[in-house]
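So the sequences go chain by chain: A and B. All the letters of the first sequence, read from the start, carry residue numbers 251 to 521 under our numbering. All the letters of the second sequence, read from the start, carry residue numbers 1340 to 1614 under our numbering.
FYI, nobody ran anything at the bench for these hints, they're computed from the structure. As the structure is a computational prediction, the values presented were derived from the model and not from experiment. Glycine included, each C-beta is placed from N, C-alpha and C at the ideal position. Any given hint could turn out to be false.
Now the stretches of chain B that chain A is said to cover, found in silico as 3 or more residues with beta-carbon under 8 Å [stated by the list, open to error]:
#	region
1	1404-1417
2	1420-1429
3	1501-1510
With a straight-line cut-off of 30 Å between C-alpha atoms, the simulated BS3-like cross-links for lysine-lysine are [what the hints assert, rightly or not]:
#	chain 1	residue 1	chain 2	residue 2
4	A	K511	B	K1427
5	A	K511	B	K1358
6	B	K1358	B	K1419
Derived, one-sided and incomplete: chain A residues facing chain B with beta-carbon distance under 7 Å [to be verified]:
#	residue
7	E418
8	T422
9	L425
10	G427
11	W517
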Amino acid sequence: MKRRSDRSVGRVAILSAQISVLAAFLLGWQYLPQIHALSSRFHFLDPIFISSPSAVARSLYDQTTGAGGTATIWSYVVPTMEAALIGTVIGVVGGLCIGLLLANSGTLNRVFRPLLIAINAVPRIALIPVFLIVFGLSVKGTAAVCVAVVFFVAFFNAYEGGSSVPSEVLDTVELLGASRWQLVTRVRFPYAAAWTFAALPLAITFAILTVVTAEVLIGTRGLGRLLLISLQDGQSTLTFTVAIVLSVLGLVAVGITEFAKSRVLHWWGRT
Amino acid sequence: MTSEVSLEGVSFSYPNGVKALESVELTVPRAHTVSIVGPSGCGKSTLLAIVAGLTLPTSGTVTRCKVEPGRLPVTMVSQKETLLPWLKVKDQVGLHFRLRRQHKTERVRAWVQDLLDLVGLGDFQDAYPYQLSGGMRRRVAFLTAVAPIPQVLLLDEPFSSVDEPTRLVIHQDVFDITRQYEITTVLVTHDLAEAMSLSDEVIILSRGPGRVAAVHTMPFGPERDIVALREQPEFLELYGKLWRELGLQLDNGGRKRQRSFRDSTSHRPDWMTEG
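The shape of chain B in the complex, shown without the other chains:
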């Protein structure tokens, strides 16, 4: 199995000395989807920025596969709003082609239209972002990132702001499109069910500084009905197992906090005891 991205001994510290990542070893096979879950502040988003090449690691190496002709190396969907508010939906989705002045060709127009039809936004191609619902805007952001068929797609909690039913519909679109166009995907999320439904592998990061605490292969095959999958006993059983493992990471920090809180409250403040 060819690896698309691999990280060897990657560590990252902020200028103030706080360590975000420590010796992360990670391999993402080509055309696979890998999800990264972990407690808040474990360095998930930093890891994604390093994979994107937006942030350099303090130490360690990041290796990316050679880019195939006609494809972009990496694109990204952030959890924040990144649509350009003055562009119509069709111009937004075709942004990469606009930047290369190819957006007026019939081939590009048809491709953008096909993508919009695929996710049910065909009738909204002339709408502006403010005329769309939150879920629609997230879909447009996703299509903008996949339209150039990138070799690696990075998703940084992209659907966290969307309600659950809408999120399930978007999950199906994401799963189908990334599989159909063989886009290697790295998803960072807080939502364990989202990670499991979309991925071939789920990686649990430890509490900060983030290290790879566990790697789980998802046995759900290359074709999935996301809604039906979540009702399967196999999914629910694995969900419970992963949740317990993830809980261990949360609990470690929780216990530490609790202990330090008890310590700090074992003595009453002076003002309570005075008089």
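Isolated chain A (complex conformation):
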């Protein structure tokens, strides 16, 4: 009982500390730039560059509700999330299939895995213009960039998962009458899928990041366009607003996948 109580006091203390740090940060952000001696000496404390929490909160309210005649942020959120979702689904399914295929075939693995490792080493951000030219300056283009990043996250995890099946398990199931195809679908696939699913929160984070980067380059749609506008107009408040919206979207997406993971993979890591 004593230990339980100790733990609960610990949690309260940690939460209090976290709230205190956050409050100190927000207060510092709000009031330090108002001290002229500081803002004139330190460039980054100039309110033009770092705005203020109260301004960001007001902007967030206006952008999400359309108050004050402002266009809402949702028309920018939809294309970003649409591209991120499409890119994640295609990237994860493609990576899972190819990872599984290579985990199951020694020959294919020897031929293609070094090539895939080499392609993964190429910085995808540098290739964004190529993707956009090939697939167009639309959701298709940004989703394609997203696929190029998410695919490799899924592929490497699926490959490791498919390769991690103990030989004793394969032997046992084969002797129970499994065909070669069933060994892939009934044994290797769940292992590969579990590893891939476990990497889904990371894949989604990468997906949103990549789509926004591509949108900044295109400058015609999505939250990336809003960031570009904020940069062109020097609206740091808008930049922080978009950053907070992206954080919340990322957290929600990761939260959903974490929840799904805990339900679907309840057996994962517990055997």
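Start from chain A and add chain B according to the hints.
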């Protein structure tokens, strides 16, 4: 007596040239249980893989009896964890039927339930492997292998990770089920008492490369109470005899090692004598 599996002059060498088995002659009669014991590294598990058809011998022949209709030729229980962690106990035990898409029939469901009840796991049919104790998981692995009533069941030290009291209970289940369904069983184990309690014959393999050093018939009859059997003077006497024979195999290697150790320590290393 019809033989279910027979090995004639079976040898096996690894690609690096190390010989694991040499000229093994072995016959397993139908519906009998044969145990193989021997020192570590004598090729027991390799022998089992050859019988299963998972490994081809370097030389010699393996003959298996024709498979009866509706039975599987061979199934195996490994010493390692082989349960599929995403399957419930009932799906695991009925895995063979799932692979053949027969698992939804009432007959299969009832059969799986009967097997689970037989070993006291009837209430755990909806549990996942991680919700079971080590002993329960071993029982599920065993039931998964016997559910299709294989013609030959191979057991590769399947209960080595289980504590002694639990192991005795599992032994009784294994003995009863393999006898009841006339499953020819080959058991590889380090546990001599386990080998004697469950088997009709105990085969001692020599130190690597493994050869058949001795074959002993167990005179304990077709019905056994495993716990009571281990207290019988006849069992204890035979246990002592087999232990001495097994000890000879261990000792041969031990003496070799000791001699080579003495040789290597007869001269002090340079750094001890310097200065």
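Index of numbered hints that the structure contradicts, given in increasing order: 3, 5
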